[in-house]
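Chemist: Single-letter residue listing:
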Amino acid sequence: MGFTLSNQQQLLSKIATGNGHGENTPYFDGWKAFDSNPYHPTTNPQGVIQMGLAENQLSFDLIQEWVLKNPEASICTAQGAKEFKDIAIFQDYHGLPEFRNAVANFMGKVRGNRVTFDPDRIVMSGGATGAHEMIAFCLADPGEAFLVPVPYYPGFDRDLRWRTGVQLLPVACESSNNFKITRAALEDAYEKAQKANIRVKGLLITNPSNPLGTVLDRETLKSLVTFINEKNIHLVCDEIYAATVFTQPRFISIAEILEEEEVECNRDLVHIVYSLSKDMGFPGFRVGIVYSYNDAVVNCARKMSSFGLVSTQTQHLIASMLSDNEFVDRFIVESAKRLKARHTRFTVGLEEQGTTCLKSNGGLFVWMDLHKHLKEQTFEAEMALWRTIIHQVKLNVSPGVSFHCPEPGWFRVCFANMDDQTMEVALERIRNFVLQDKEAAVVAIKKKKTCWQSNKKLSLSFKSFNFRILDEVSMSPQSPIPQSPLVRAT
Amino acid sequence: MTRTRKPETSSDDNNDEKPAASTTAMRLIVPLQGVVQGRGGLILGSLIPCALFYFLQLYLKRHRPSQPDPDPPSPSSSNLPELHRSSSRSSLSGRGSIGRVRVSSRADPIAKPNESPYYIGLDRVLEDPYHSVDNPNGVIQLGLSENRLCFDLIERWVSENWTESILGTNGGDLSIAGIAAYQPFDGFTELKVAMANFMSQVMRRSVPFDPSQLVLTAGATPAVEILSFCLADHGNAFLVPTPYYPGFDRDLRWRTGVELIPVHCRSTDNFTLNITVLEQAYSQARKRGVKVQGILISNPSNPVGNLVSRETLCSLLDFAQEKNIHIISDEIFAGSMYGSEEFVSMAEIVETEDFEKNRVHIIYGLSKDLSIPGFRIGVIYSYNDSVLAAAKRLTRFSPISAPTQRLIISMLLDTGFIQEYLDINKRRIQHMYDLFVDGLQQLGIKCAKSSAGLYCWADMSGLIPSYGEKGELELWDNLLNIAKINVTPGSACHCIEPGWFRCCFTSLMPEDVPVVIDRIRKVTETIKSSS
Numbered sequence: 026m027g028f029t030l031s032n033q034q035q036l037l038s039k040i041a042t043g044n045g046h047g048e049n050t051p052y053f054d055g056w057k058a059f060d061s062n063p064y065h066p067t068t069n070p071q072g073v074i075q076m077g078l079a080e081n082q083l084s085f086d087l088i089q090e091w092v093l094k095n096p097e098a099s100i101c102t103a104q105g106a107k108e109f110k111d112i113a114i115f116q117d118y119h120g121l122p123e124f125r126n127a128v129a130n131f132m133g134k135v136r137g138n139r140v141t142f143d144p145d146r147i148v149m150s151g152g153a154t155g156a157h158e159m160i161a162f163c164l165a166d167p168g169e170a171f172l173v174p175v176p177y178y179p180g181f182d183r184d185l186r187w188r189t190g191v192q193l194l195p196v197a198c199e200s201s202n203n204f205k206i207t208r209a210a211l212e213d214a215y216e217k218a219q220k221a222n223i224r225v226k227g228l229l230i231t232n233p234s235n236p237l238g239t240v241l242d243r244e245t246l247k248s249l250v251t252f253i254n255e256k257n258i259h260l261v262c263d264e265i266y267a268a269t270v271f272t273q274p275r276f277i278s279i280a281e282i283l284e285e286e287e288v289e290c291n292r293d294l295v296h297i298v299y300s301l302s303k304d305m306g307f308p309g310f311r312v313g314i315v316y317s318y319n320d321a322v323v324n325c326a327r328k329m330s331s332f333g334l335v336s337t338q339t340q341h342l343i344a345s346m347l348s349d350n351e352f353v354d355r356f357i358v359e360s361a362k363r364l365k366a367r368h369t370r371f372t373v374g375l376e377e378q379g380t381t382c383l384k385s386n387g388g389l390f391v392w393m394d395l396h397k398h399l400k401e402q403t404f405e406a407e408m409a410l411w412r413t414i415i416h417q418v419k420l421n422v423s424p425g426v427s428f429h430c431p432e433p434g435w436f437r438v439c440f441a442n443m444d445d446q447t448m449e450v451a452l453e454r455i456r457n458f459v460l461q462d463k464e465a466a467v468v469a470i471k472k473k474k475t476c477w478q479s480n481k482k483l484s485l486s487f488k489s490f491n492f493r494i495l496d497e498v499s500m501s502p503q504s505p506i507p508q509s510p511l512v513r514a515t
Numbered sequence: 002m003t004r005t006r007k008p009e010t011s012s013d014d015n016n017d018e019k020p021a022a023s024t025t026a027m028r029l030i031v032p033l034q035g036v037v038q039g040r041g042g043l044i045l046g047s048l049i050p051c052a053l054f055y056f057l058q059l060y061l062k063r064h065r066p067s068q069p070d071p072d073p074p075s076p077s078s079s080n081l082p083e084l085h086r087s088s089s090r091s092s093l094s095g096r097g098s099i100g101r102v103r104v105s106s107r108a109d110p111i112a113k114p115n116e117s118p119y120y121i122g123l124d125r126v127l128e129d130p131y132h133s134v135d136n137p138n139g140v141i142q143l144g145l146s147e148n149r150l151c152f153d154l155i156e157r158w159v160s161e162n163w164t165e166s167i168l169g170t171n172g173g174d175l176s177i178a179g180i181a182a183y184q185p186f187d188g189f190t191e192l193k194v195a196m197a198n199f200m201s202q203v204m205r206r207s208v209p210f211d212p213s214q215l216v217l218t219a220g221a222t223p224a225v226e227i228l229s230f231c232l233a234d235h236g237n238a239f240l241v242p243t244p245y246y247p248g249f250d251r252d253l254r255w256r257t258g259v260e261l262i263p264v265h266c267r268s269t270d271n272f273t274l275n276i277t278v279l280e281q282a283y284s285q286a287r288k289r290g291v292k293v294q295g296i297l298i299s300n301p302s303n304p305v306g307n308l309v310s311r312e313t314l315c316s317l318l319d320f321a322q323e324k325n326i327h328i329i330s331d332e333i334f335a336g337s338m339y340g341s342e343e344f345v346s347m348a349e350i351v352e353t354e355d356f357e358k359n360r361v362h363i364i365y366g367l368s369k370d371l372s373i374p375g376f377r378i379g380v381i382y383s384y385n386d387s388v389l390a391a392a393k394r395l396t397r398f399s400p401i402s403a404p405t406q407r408l409i410i411s412m413l414l415d416t417g418f419i420q421e422y423l424d425i426n427k428r429r430i431q432h433m434y435d436l437f438v439d440g441l442q443q444l445g446i447k448c449a450k451s452s453a454g455l456y457c458w459a460d461m462s463g464l465i466p467s468y469g470e471k472g473e474l475e476l477w478d479n480l481l482n483i484a485k486i487n488v489t490p491g492s493a494c495h496c497i498e499p500g501w502f503r504c505c506f507t508s509l510m511p512e513d514v515p516v517v518i519d520r521i522r523k524v525t526e527t528i529k530s531s532s
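Heads up: the protein sequence lines correspond to chains W and G, in order. Okay, so the first sequence: first residue is 26 according to the numbering used here, each after it adds one. Okay, so the second sequence: first residue is 2 according to the numbering used here, each after it adds one.
Simulated from the structure, these hints should not be mistaken for lab results. Hints should not be assumed to be uniformly reliable.
One-sided and incomplete, this derived list gives chain G residues near chain W with beta-carbon spacing under 8 angstroms [as the list claims (entries may be wrong)]:
no.	residue
1	V159
2	T222
3	E226
4	R256
5	F320
6	C448
Computed from a predicted model, the values in this text were never measured in an experiment. The C-beta atom is built at its ideal place from N, Cα and C for all residues, glycine as well.
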């Protein structure tokens with residue numbers, strides 16, 4: 026056999042053999058636990074409930090209903106087959122015009138028609154994952170950096186960095202002011218980069234936030250715009266959760282800020298990343314969108330989109346669905362209503378047990394505060410608690426450290442990817458855990474009073490722990506373990 | 002008597018980083034060398050200036066001024082559709098911006114209008130597409146290898162078989178349970194099984210394909226790029242026999258930083274690969290200090306349409322083994338055969354002969370053989386587990402839409418229909434090939450011998466005004482703007498001999514062929530009468 030292991034390493038690229046994919050960590054216990062023991066109400070009621078997957082399944086029935094009622098939208102039906110030829114042969118990276126029009130229309134509606142979007146600025150990509158990578162390729166060279174406020178979606182580490190060679194630098198945010206993005210923190214992060222001789226090319230924000238579920242207020246958005254203009258860097262706004270905002274304060278898109286009279290902004294700096302996966306709740310479509318106010322970026326992204334074009338069959342279906350204004354209006358309202366109901370039930374249920382979450386009004390998750398349950402305020406303790414939650418409480422939740430959260434004890438818990446019954450089971454399990462933990466804490470305190478122990482545990486420094494251990498916990502729907510049943514037994 | 006064109010210079014220097022200071026430095030060094038040479042001899046005379054030069058470069062690198070901003074792309078370029086710009090008060094008045102904003106240096110050349118005739122031609126057709134009734138003076142598309150001959154078959158199948166909605170009656174993979182569970186980015190298992198079976202069927206059951214060695218991507222374009230990312234680092238190279246598909250320059254090089262080194266093939270060999278020439282290209286690359294990571298072939302070949310012989314495939318495998326490099330075989334036209342020659346897949350050689358499998362990777366897709374490029378279905382088939390593992394992870398950036406996967410699974414599993422389709426497709430391509438090549442023959446234009454693909458490789462060297470790339474492009478321009486047909490000139494495919502053109506004939510109806518021939522005749526007669 027000519028291929029020894031060292032041979033292999035030489036013959037494959039650094040990208041192929043490195044860890045940029047973010048799946049090589051001993052700490053994917055949550056996914057493993059879920060994959061090997063998934064909850065099912067009847068066949069496996071003791072299984073692990075998936076609460077680490079930010080998907081929206083609450084309004085799937087509306088979509089299903091529409092598709093059944095509109096068979097001609099799907100070219101694979103007798104009614105739609107006459108369009109088959111033209112759709113199947115179309116491979117232009119501009120995308121079907123009706124698709125771009127429909128998406129622009131939808132994006133406007135989601136923002137309450139306060140802004141309109143130009144269909145010619147819409148570029149498609151293979152899901153939001155592809156959109157993020159594409160924008161990174163367009164805006165930054167290897168070694169250059171984006172500033173990202175923490176906590177942020179772990180997938181960014183992979184999507185923006187892996188093949189692009191771009192860096193992500195954190196902007197510090199604290200729970201004391203609800204993780205607000207402050208001008209001081211931005212300046213601080215920018216200066217740090219300057220000192221380290223790293224060129225900052227842009228600022229990446231997620232609004233509504235993942236994992237916080239909050240929206241940015243007008244003042245913060247304006248201050249961000251001022252900041253990027255002063256530094257002449259790009260602003261990439263991930264607005265993928267735009268339609269998941271279910272109550273006040275309302276979602277304000279960066280597009281609205283740009284239209285305001287007193288806002289001075291070089292539009293060439295602003296880009297929006299979007300997708301239909303969260304708002305529509307149909308991730309299988311793999312529709313990612315890059316919307317840029319910069320012509321050069323649109324041109325470049327459009328050509329790059331050849332690497333992740335959306336199937337024209339899907340484009341056609343979405344074009345039909347999103348042009349149905351009556352359906353879209355109804356969907357947006359109904360989806361928000363259901364998210365609100367679910368969120369309320371979940372947070373009220375948690376509060377009854379004394380578990381608090383960051384106050385949020387959007388997203389498909391809550392940012393749960395479990396620092397009371399940590400044995401000590403360290404990330405090591407957070408990981409220990411996480412393991413307990415996975416293996417004993419049997420819930421797959423996402424620990425804050427994987428989101429680069431600067432403080433231990435926070436967990437992202439998704440609530441929109443299950444039915445009501447499952448959610449009640451999840452709440453029950455959390456309730457039991459909280460009770461048990463309280464009792465255990467009381468016992469421990471008693472023990473501590475009688476037996477005086479010095480607390481000399483080493484608490485690892487934030488930096489080394491964070492980047493070494495949990496840098497790469499992947500929280501996307503993709504299970505990090507290659508569980509393909511087709512893997513040959515060799 | 003074939004003269005060759007000058008080898009093209011690498012077009013990779015986007016970032017000109019030669020500081021102007023280098024010339025000033027030389028002005029210092031030369032007289033300095035003269036001064037020192039008197040006392041310290043050659044050694045000091047060379048060492049000191051070199052040391053000075055080194056320190057100067059170091060100083061300049063540390064204090065490099067910010068790069069000059071790239072020119073913004075001209076919005077009035079004729080090759081790009083005008084972007085309707087939403088009102089941008091600030092940009093117009095210049096308020097709030099302190100300088101032109103930069104895109105990455107990767108993006109800059111890409112954002113500029115395409116200069117390659119391959120892309121210019123495609124754009125022209127988009128602007129003014131021919132239609133026999135609605136636009137009879139439009140530009141006829143012969144530059145895009147797409148197959149429109151058998152749509153009726155697919156349409157009929159779809160309307161007869163696909164009576165469920167895309168969601169299916171029980172929801173299937175798209176039900177709540179299906180979505181909440183693990184969703185593989187590299188394709189559903191059922192699709193991999195169906196695809197493996199289809200590939201085997203296309204290649205006439207000469208070789209079995211194992212579904213566990215398949216990775217599915219949104220088209221062959223990302224499949225090629227993903228392989229490039231997996232097999233080579235920035236600055237490494239692939240050897241590619243010419244002429245080759247112009248898209249490779251984009252798919253393998255753009256974002257990866259990988260180089261493509263042409264291995265020139267000649268008409269005297271009917272453009273088949275010569276291993277000696279391959280050896281020479283490899284040695285030259287090594288001398289330049291470039292690390293060659295693999296060879297990329299297309300079989301059946303694009304743009305020529307010939308097949309790689311069994312012997313050549315074996316020689317290639319020997320060569321790859323000897324140099325310890327990879328082989329990528331793009332077999333996307335395997336099901337678009339029309340001649341009587343037998344197609345031999347790289348997979349067949351590897352399965353039957355005793356070669357190392359770990360270096361072999363095959364690209365496939367449904368865009369050509371099943372005429373559904375819009376649906377974006379591509380395949381990486383590899384014998385290397387590490388490559389498969391890496392490629393699987395990379396498919397998250399280029400996944401196939403779930404509803405499309407469902408449709409294709411159904412279609413491919415109907416093996417009766419697939420066999421009927423492949424047989425009829427072959428006959429129709431043969432028919433069009435005969436019509437078209439005969440038509441060209443009447444004009445005195447011969448084609449290279451070919452047995453597959455959706456195109457022919459035509460020798461128009463007798464018609465070009467001057468024997469070279471310039472002459473070829475002049476003819477191409479006349480064909481595009483006067484005859485109004487879009488063909489692909491050999492220079493876009495890096496062909497070393499000028500005058501060859503790729504003409505795709507499967508997007509035509511039989512009745513369009515005389516129209517095309519007539520249009521070419523007008524141009525050729527003009528040329529003949531003026532010479």
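Chemist: Does F320/G pass the interface hint, meaning its C-beta sits closer than 8 angstroms to a C-beta of chain W?
Modeler: 14 angstroms, violated
Chemist: Grab the minimum C-beta distance from V159/G to chain W and call the hint holds if it beats 8 angstroms, violated otherwise.
Modeler: 5 angstroms, holds
Chemist: Quick check on E226/G please, does its C-beta sit within 8 angstroms of some C-beta on chain W?
Modeler: 6 angstroms, holds
Chemist: Going by Cβ atoms only, is C448/G closer than 8 angstroms to chain W?
Modeler: Violated, about 25 angstroms.
Chemist: Holds or violated: T222/G as interface residue toward chain W, Cβ cutoff 8 angstroms?
Modeler: 5 angstroms, holds
Chemist: Should the hint that R256/G touches chain W count as held when the rule is a Cβ pair under 8 angstroms?
Modeler: 6 angstroms, holds
Figure legend: structure checked against the earlier numbered hints; hints not met, in rising order: 5, 6.
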